[in-house]
Amino acid sequence: MKPKDLPEKELRPVVNESGIAIKPLYTAEDVAASGGAQMIGLPGQYPFTRGIHPQMYRKQPFTMRQYTGFGNPADTNQRFHYLIANGQTGLNVAFDLPTQCGMDSDDPQAEGEVGRVGMAVDTLRDFETAFAGVDLEKITVSLTINGAAAILIAMYLAMAEKRGYDLAKLRGTAQNDILKEFVGRGTWVYPVAPSIRLVGDTIEYCAKHAPKYSPVSVCGYHIRESGADPAQEMAYAFCIARAYADEVIRRGLPVDEFAGRLSFNFNCFGSIFEQVAKFRAGRSLWAKIMKEQYGATKPGSMWLRMIAGGGGGGLTFEQPEINIVRGAYYALICALAGTQTMALCCYDEAYTIPSEYAQRVSLRTMQLLIEEMGLGDTVDPMGGSYYIETLTSQMRERMERIMAEVDEQGGIVKLVAEGAIQAKVSAQAYQRQRAIEEGAFRKVGVNCYRTEDKTPDMEFHPYKEEDARAQCAALARVRNERDKEKVRAALARVETDARSGANLMPAILQAVKAYASVGEITNVLVGEFGRFREPVRF
Amino acid sequence: MKNIKVVLAKPGLDGHDQGAKVVARALMDAGMEVIYTGLRQTPEAIARIAQDEDADVIALSSMAGSHLPICRKLKPLLEQAGLADKLWVIGGNLPAQDHAELRALGFKGIFPSSSRLEAIVTYIQANTP
Chain U
1 MKPKDLPEKE LRPVVNESGI AIKPLYTAED VAASGGAQMI GLPGQYPFTR
51 GIHPQMYRKQ PFTMRQYTGF GNPADTNQRF HYLIANGQTG LNVAFDLPTQ
101 CGMDSDDPQA EGEVGRVGMA VDTLRDFETA FAGVDLEKIT VSLTINGAAA
151 ILIAMYLAMA EKRGYDLAKL RGTAQNDILK EFVGRGTWVY PVAPSIRLVG
201 DTIEYCAKHA PKYSPVSVCG YHIRESGADP AQEMAYAFCI ARAYADEVIR
251 RGLPVDEFAG RLSFNFNCFG SIFEQVAKFR AGRSLWAKIM KEQYGATKPG
301 SMWLRMIAGG GGGGLTFEQP EINIVRGAYY ALICALAGTQ TMALCCYDEA
351 YTIPSEYAQR VSLRTMQLLI EEMGLGDTVD PMGGSYYIET LTSQMRERME
401 RIMAEVDEQG GIVKLVAEGA IQAKVSAQAY QRQRAIEEGA FRKVGVNCYR
451 TEDKTPDMEF HPYKEEDARA QCAALARVRN ERDKEKVRAA LARVETDARS
501 GANLMPAILQ AVKAYASVGE ITNVLVGEFG RFREPVRF
Chain H
539 MKNIKVVLAK PGLDGHDQGA KVVARALMDA GMEVIYTGLR QTPEAIARIA
589 QDEDADVIAL SSMAGSHLPI CRKLKPLLEQ AGLADKLWVI GGNLPAQDHA
639 ELRALGFKGI FPSSSRLEAI VTYIQANTP
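For the protein sequence lines, the chains are U and H, in the order given. Taken in order, the first sequence gives residues 1 to 538; the numbers are from the working numbering. Taken in order, the second sequence gives residues 539 to 667; the numbers are from the working numbering.
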């Protein structure tokens, strides 16, 4: 006899992380009822639900760009060449915390942190060393820098120009999303208003002088890591992207002159289907916002160009080897979702800076999808699934509702400055941790299927105090050799322009070309702007 | 009995505060008074805050690998501030090979990644002087 199905009421209830109730089966009726059918469209066409390009990976696979950087610029340069030799097609640079916080390596507060979680950078000389031998036309470089972004973008442009590249054609990306740093990640320097002004300065400058360069990568990623759900992740990122767009439009730059170079960075851990729907929903929502709210007319201005693949918050300290499998699913999610660039977290990241071996495992995971698994063959392979199309509409609706709430409460800039978003997502992170400890939110190896077997040995990344001393000595040498009068004049101009409200990029470029250091330039700006004071709210 | 008072600090330049804030909420839910310092505290500032607040517990959260140099600096400062007899604890990304030195520096409670909130709460309740 055939076993009887359970009545739907008796089935285990499933609600996804964004709060949407999940049915055991979807049909064409669900797609129609969600309003999804009219938003599907074709890839490369508005509203771009299925992808920003008509042929996607069939024409060009996603860029593979592992996050890398440690020690001195020479050490990092070596790892860059290792990754490029192994088939990586872009670079994603990690900087140490002093650099990220706008301090020189010899700053007393930098002690013990120089070169530890990323590469130390003090002056243009360090950029010259770090990128030596890298073909900047073939390999696009992404700088994970925020509080000190204006200075490091200037260093990148100055380095490229010095090597003879045409800035009009130079590609690359800077993270430069300061608003999310106030929510999570924490490498802010100045108060909120001057921080947004600096982001505006970089967008405006690049639109005019380096039009192929992406000066901002707006990050939902870290907001999700801080406790946001997937719909909030994308909604808050769009609110932040609008804040930067408003800043630039206020200066008189038409939307189509800069929006095409805005890019995004999203997280991907969680349910495969919720995540794929999130990306498809986000793509159509961003297109709609740019078209309807901002009057963008160029398709490129409406594109949600993104990097995805991280998902550190989904990886576990327990049984780290299963993080390799999680990473493979995260890569699958991002490929199914049509990301432009992928960077995977490595299985050993809960322990240490990834080893060469772990980096290679991640890189091979991405290569597998294209070479063996058929992910590069057909555009938007999930398109038309009853479940995915229904969920895509529901996720879009949820994101729109969250964005409307932010606007009703006074806008994202106000909510971040007051610490309201921080308090909200951190309360959610606490609830999540409780749910994991109580077993309600399942994590394999953590609250189910635990093992007392010994963890495989990890190769810990070495930290060498003598490297920090060498970095300080190199900085002292540059300070001694540079033209002191040129440095003084350039820093004076930075101060004047900070005060007058002029775009700061020309002055900062002049300063980095004179080999003024990250700390020297930052300190002049702090003198004018002050420092951010963190609102602590629970 | 008076509530346990915890100064929970983020030393150094590390900006990863999700864990510290989650622990702060767990301690508050357990009835403790928590002074969370926010990011980028120097050892001097932590010692001063702990002294001003007359803390029973000094708790650090470190995710970016600089826990040893920070604790080496903090130990004499806490002692000079008359806080040697308080409970010092530390949590975060703390490789096992560093635990002995942290303990020798006076950090009796060590809670590496994957520690349970309940374990942290119970330890502080049982060991606060």
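Keep in mind that the hints were calculated from the coordinates and are not lab data. Fair warning: there could be bad hints in the mix.
Here are the simulated DSS-like pairs of lysine-lysine, each with C-alpha atoms no more than 25 Å apart in a straight line [said to hold, decoys possible]:
| # | chain 1 | residue 1 | chain 2 | residue 2 |
| --- | --- | --- | --- | --- |
| 1 | U | K298 | U | K288 |
| 2 | H | K611 | U | K464 |
| 3 | U | K484 | U | K162 |
| 4 | H | K543 | H | K613 |
| 5 | H | K613 | U | K464 |
Cβ-Cβ distance ranges computed for the label pairs, FRET-style [what the hints assert, rightly or not]:
| # | chain 1 | residue 1 | chain 2 | residue 2 | range |
| --- | --- | --- | --- | --- | --- |
| 6 | H | E571 | U | R450 | 32 to 38 Å |
| 7 | U | E371 | H | E571 | 55 to 61 Å |
| 8 | U | P462 | H | E591 | 47 to 53 Å |
| 9 | U | V444 | H | A583 | 37 to 43 Å |
| 10 | U | N523 | H | G620 | 31 to 37 Å |
Quick reminder that beta carbons are idealized off the backbone N, C-alpha and C, glycines included.
Cross-check of the supplied hints:
Of the supplied pair hints, the one linking U:K298 and U:K288 holds, its CA atoms being roughly 13 Å apart against a limit of 25 Å. Taking the CA atoms of H:K611 and U:K464, the gap is near 18 Å; set against the 25 Å cutoff, the hint holds. The hinted pair formed by U:K484 and U:K162 meets the criterion: a straight-line CA distance of about 20 Å does not exceed 25 Å. A C-alpha spacing of about 19 Å is found between H:K543 and H:K613, which places the hinted pair at or below 25 Å, so the restraint holds.
The hinted pair formed by H:K613 and U:K464 meets the criterion: a straight-line CA distance of about 23 Å does not exceed 25 Å. Taking 32 to 38 Å as the suggested C-beta distance range, the pair H:E571 and U:R450 conforms, at roughly 34 Å. Taking the beta carbon of each, U:E371 and H:E571 are about 57 Å apart, inside 55 to 61 Å as hinted. Checked against the given bound of 47 to 53 Å, the beta carbons of U:P462 and H:E591, roughly 38 Å apart, lie outside it.
Evaluation of the 37 to 43 Å hint for U:V444 and H:A583 yields a pass: the beta carbon distance comes to about 41 Å. Evaluation of the 31 to 37 Å hint for U:N523 and H:G620 yields a pass: the beta carbon distance comes to about 35 Å.
Checked against the numbered hints given earlier, this structure breaks only hint 8.
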